[in-house]
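Positions 1 to 496 (my numbering) are the ones given, in order, by the sequence shown.
Hints were generated in silico from the structure; no laboratory data involved. None of these values were measured; they are calculated from a predicted model. Ideal Cβ placement from N, Cα and C applies to all residues, glycine included. Incorrect hints may appear among the rest.
Derived pair list, reagent style DSSO-like, types lysine-lysine, alpha-carbon separation capped at 27 Å [unchecked claim]:
(1) Lys-124 x Lys-106
(2) Lys-28 x Lys-124
(3) Lys-433 x Lys-375
(4) Lys-184 x Lys-92
(5) Lys-82 x Lys-106
(6) Lys-208 x Lys-106
(7) Lys-184 x Lys-28
(8) Lys-121 x Lys-61
(9) Lys-5 x Lys-211
(10) Lys-28 x Lys-147
(11) Lys-61 x Lys-5
(12) Lys-209 x Lys-229
(13) Lys-433 x Lys-92
(14) Lys-209 x Lys-28
(15) Lys-28 x Lys-208
(16) Lys-336 x Lys-267
(17) Lys-5 x Lys-124
(18) Lys-131 x Lys-121
(19) Lys-473 x Lys-417
(20) Lys-480 x Lys-82
(21) Lys-106 x Lys-47
(22) Lys-478 x Lys-209
(23) Lys-52 x Lys-211
Computed beta-carbon distance windows for the label pairs [claimed, not checked]:
(24) Ser-134 x Lys-92: 40 to 50 Å
(25) Ile-468 x Glu-11: 29 to 39 Å
(26) Val-322 x Ser-134: 47 to 57 Å
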Amino acid sequence: LISTKAAETIEITNIAAIPQLLSQIMQKTYETDGYTRILFQNTAENKIVGLKEFLTAFEVKIPEEVSAGLNDDFTLFVYSSKGVNRLGFVTKTNTDIATPMLAWEKTMEADTEILFIVLGKESKALASSFKNSSYQGQTFRFLTISKEDFGICYALFDDYFVFTTSFESIKKTFEAIESAELEKQIGQLFIIGFEGTTLTPELTDFFKKYKPGGVILLSKNIENEEQLKKLISDLQTLSLQETSLPLFVATDQEGGVISRIDFLQEKTAQSEIENTEQAYQIGLARGQELKELGINLNLAPLLDVVQEEDFLFDRTFQKDAVTTGNLAKSLIDGQKQAGILTVMKHFPGYAGVTSNPEESLAETSTLPVVSQFKKAMQANPEFVMTTNMVYTSLDNALPFAFSSKAIQYLKNNLGSKVAIMTDDLAQTYLSDKFSLEDMVTKPIAAGADIMIFSGWEIGVAEGLDAFIDAFRKGEIDKDKIQLAILRITNIKNSLK
1 LISTKAAETI EITNIAAIPQ LLSQIMQKTY ETDGYTRILF QNTAENKIVG LKEFLTAFEV
61 KIPEEVSAGL NDDFTLFVYS SKGVNRLGFV TKTNTDIATP MLAWEKTMEA DTEILFIVLG
121 KESKALASSF KNSSYQGQTF RFLTISKEDF GICYALFDDY FVFTTSFESI KKTFEAIESA
181 ELEKQIGQLF IIGFEGTTLT PELTDFFKKY KPGGVILLSK NIENEEQLKK LISDLQTLSL
241 QETSLPLFVA TDQEGGVISR IDFLQEKTAQ SEIENTEQAY QIGLARGQEL KELGINLNLA
301 PLLDVVQEED FLFDRTFQKD AVTTGNLAKS LIDGQKQAGI LTVMKHFPGY AGVTSNPEES
361 LAETSTLPVV SQFKKAMQAN PEFVMTTNMV YTSLDNALPF AFSSKAIQYL KNNLGSKVAI
421 MTDDLAQTYL SDKFSLEDMV TKPIAAGADI MIFSGWEIGV AEGLDAFIDA FRKGEIDKDK
481 IQLAILRITN IKNSLK
């Protein structure tokens, strides 16, 4: 229920041994401050002792209404700070126990006497009744036993029940629960690729573990209309079960050479679009076909203004910035009318790049024109995708998506309403220069909101694990993560 840096498993054959063993644990000196989880394993019954048995070991007289409302699965811990150890536990509630807890306060000190004597209680509580306090918006109740920050502290919020024996430990537990809840949502920052054309047991297990925010469908995932509809439906059902949020189901249906779903009718290349009315109708028709399949996010159109010798030329409008902006705006309007979310790409552009930008880390000192992106913003696209290119005039060391200076440049030009998506990060040309941790954390730290990690050259689980490890080590600003998740959640709520 909360993350702990260490854990101790103590074997017993009878719960009567727990008080003496806990007394010894509380007198230990822990090398570092923080949490140590304590598990009592009953070897005679081959099980971990649950909350109710733990309280029974100390003859705690817990009211039936309270006991019935608490889950037996709990996290028991010692919180150590500056050489002082305090006990606590966290569990979940299955019903509202606020009123019976308030009623229990009158006798709680007496009903927990043996437990608190084991924990070091030497005299009656200094206070005669419980009082309210709060921390980070969470209210808790407390009874002071001694001035050494020792007493009874408990809190009920959401479906959590927290019980600790000090102010400091309950505050730290609030922080730990917040981190644990945030960690569960980290997958929302990733749009992932996967193998196969069906929801396999392995893919199901992956979703249950990581809870990704979206999937990108590539040609390898697509066979025919019936198969694709079932795959998407199965993925959405699983996402709703695991996260209560719909899944971003994305594909690159640009038209022309990049049309992942080749059995669709509308595959007009961007270069063949001549006017805004045509652009709107193509966006509408394309969006309606995607919507029918269950796809809700199109990674198109491209707004790169490039020359004929540039690598992306065949995929673009092949027009000047003004015309490109007008055509893109109309195409996005059409997609939105069909109910499809749009990712316009690739800001600020791959102009001047003559080789495949997915095979090597491109670099330029010249910033491309971006007025076409500003124009397209009038259609209110939900996302803008960045390049993975280095623009030395913005940042001479980092790719655009990794650089806070570059992301700020995007926001200065496009505002803060559009969510920022990276291009695919699972590329060896990035891993040749950056650690995996940097590859997945720098974009969010810089101000991006969601990352594509296709698993093309680096495993998806590896990328997610690297992010989670960095999060647990406190190497990522939680506020940045929360803001990104909030933005993603708000967009998803528009899909419901």
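Among the hints numbered above, which are violated by the structure, and what are their numbers in rising order? 3, 5, 6, 7, 11, 13, 14, 15, 17, 19, 20, 21, 23, 24
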